[in-house]
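Q: Each chain, written out:
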Amino acid sequence: MSEQRAIDLKALNSSSLLPSPLEGEGLGVRGTAAAALRSRRFGCLLAVFFVLSLNTPAIAQQPDAFQTMMLTAKAFRAATEKVQPSLVTIESYGGVAAVQGRIGGIRKQGEGNTTGIVISSDGYIVTSTFNFIQKPPVITVVTSDGKRHTAQIMGQDNIRKICLLKIEGVSDLKVPEMVAEKEVTVGQWAVSIGVGYGDMSPAVSMGIVSAKNRIGGKAVQTDANISPANYGGPLVDIKGRMIGICVPMDPQSQSTGAGVQWYDSGIGFAIPIDADSPVIKRLKEEGVEVTPPFLGIKLMAVPELEGLWIEEVVRDSPADKAGIRREDCIREIDGEKVSDMLKLRQILNRFESGQEVELKIWFEETKEVEKRTLLLGKPPKPKDGPPTLEPPKIK
Amino acid sequence: MKTSLTILAAFCFLATPAFAQQVNPKPAKRDSKQAGFFQTLVDMAQPKMVKVFGAGAGRVDGFATGIIVSEDGKIITTQGVFLDGREVRVVTSDGVSHPATILNRNRVSQMALLKIDRGTPDYFELTTDPVGQKGDFVVALTNAFKVADHEEPLSATAGVISLRSSIEAWLNKRDLAYAGELVLIDAITSNPGAGGGAVIMGDGNLVGMVGKIINSSETNTRLNYAIPSSVLLQFVNGELAEATQKETVKAAGNADLGIALFKLGGRSDPAYIDRVKRGTPAKEVGLKPDDMIVSIGGEKTATVKDYEQALLKLRPGEEIFIIVKRGRELLRIAITPTEKKQ
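Those sequence lines, one after another, are chains A and B.
Every letter in the first sequence is one number past the one before it in our numbering, and letter 295, counting from 1, is 295.
Every letter in the second sequence is one number past the one before it in our numbering, and letter 146, counting from 1, is 146.
The reader is advised that the hints may include incorrect statements.
[What the hints assert, rightly or not] Reference listing, derived: stretches of chain B covered by chain A, where coverage requires no fewer than 3 residues with Cβ under 8 Å from a Cβ of chain A: (1) 45-52; (2) 181-188; (3) 318-331.
For the record, the hints were derived by calculation from the structure and aren't laboratory data.
We treat Cβ as the ideally placed atom computed from N, Cα and C, and that holds for glycine.
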């Protein structure tokens, strides 16, 4: 068995057709040889045998393209099966009636089931906030063993578009194996998985990792199809280890539905998570809400002026409290020069409300540059108007 | 002897990872001598594909892609208004235009069977067994967005099979009348012109035919799918009954549980019980006001509307399970509907 596996891996590895070498190259060979060496009596003989039997044919005959692709497909299936016990189906009941017209770039949010993934054996489940745009008053979760549980929304992170659900009376849920973000490489295989098509057998879509550190360094970008059918589901590597949670993302907008307009179009995002990371830990508390940062200034780029010119300051906003006034000028944020609005947004994407950020401001009154530390606030709630996709209020 | 062997073994063992590294990090440069997997597939399949021209609006002929499925020139394509014209023409991959006759059309599965008077050795053999499983690489050969004119070859898109599933679970009647199995793929084929295209497995076998564009109301996204080869075969053999059509709610609709729902918030609210009538099945099994109905007879009831529809499918005297949420508990209760009092 292990020998067969080693050959399979070898065959997969030596192909130049793959977009990237499979991770763990040569592991099969090394593992087998090491195992052989462990039993000392046969160690030497076996090692020679393996090296001869594996390396020689691999050099002599390259596996054909067909064989390679079939093995890769097999690896996709194995990866899906590995993570499947940690997948849950999330069902919601009721909620905002179908809103007419387009919201969040899509005609109307679907009504179907959505995907979540177990993050702790005692019943914490992570999923995408997108799945609760309709603010369902009741949510149930079906675990992979087919049992249905009522679920409670705990905290939600509106920047990463993820939230935690909690189900009670469970103790042995399977947590998926995760791959550390630093181990993820651009070009490696990525498989997105979701149960949004209503079948407990998940749908898979494959692609590669397109980029890392997107959207303020928070997301991994992939060309595997990501859509409402798998938001909240995992993006896994070819070994079935979780790279992140699939979410809709758009660097231009922070609203819950932003990014859905790019569904199935060659660009999708996944948020790398880790059960022990502070990002997840703080969401375990009910009602916690992580929101995008708010400075409270309206800016304008003025030609031949260093930095950004302040057109307006919102009353009682963080900027106002720090003594920043109209006609002052922002030179730097977080140690980086801001030349235009895009740069500003890119820097701010790294922050969230409640954090402190250091600004260098040129003050009109004193004609001098000073440092100020701002406590980033929460954006004000939008006034009544056309339907927005502002995150649903918890409870 | 033993020592030298060990040394040799150790040497080989150490050399192995180095060897692997040499082979692997080759940049994505492809060996031109080794025909690529997808390339081989596409070359093999192009002669088995045709374009179908028929009546269109205005001066441009409406058209679709078609798949040759028999030696004697039978062609399967999607059903559409373009077939209603005086003449239907089929252009084979060599650019020759042939008049075609329509043998069969099916409005439920949205397929049409045509025939041209030219035999060919290039055709897809349809099988009763499912072709391809989840994760397998596929190529979709379609006339995506109708960009290929006349004899120009079709466009190839690659992907994997995402899921083989009966669509009943996640599509409703307004999405598509056909209720059989579909093959979902992750290559993008939900675009005008792609209908009637072929989805091909690595071994050259036909997984299925790209169907008409459908929008799933469950996820509100367009589906990329194929009608499986086995269903195509049934259709070609004239065995695909119109009965594949989703069973409309013909169940009498006269079953009663004795539940009155809380309806003030409209039909999109969750199905909360407002009142349980005396002497009814609901009362008997102990359902209470404020219980929320989660599912009936295996059907999820997200809203009052869902409940009303699920109720219509029940038959008096047939025991089913009802799941209700009481507080934070979920209760699964057997219940037998009675006949509705007129």
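Q: Take the hints in turn and mark each one as holding or not.
A: Each hint, compared with the structure:
Counting residues of the region 45-52 of chain B whose CB lies closer than 8 Å to any CB of chain A gives 0, so the stated coverage by that chain is violated, three being the minimum. For the region 181-188 of chain B, the stated coverage by chain A holds: 3 residues have a C-beta nearer than 8 Å to a C-beta of that chain, and at least 3 were required. Coverage of the region 318-331 of chain B by chain A holds. Counting CB-CB distances below 8 Å, 5 residues qualify, and the rule asks for three or more.
The earlier numbered hint that this structure contradicts is number 1, and it is the only one.
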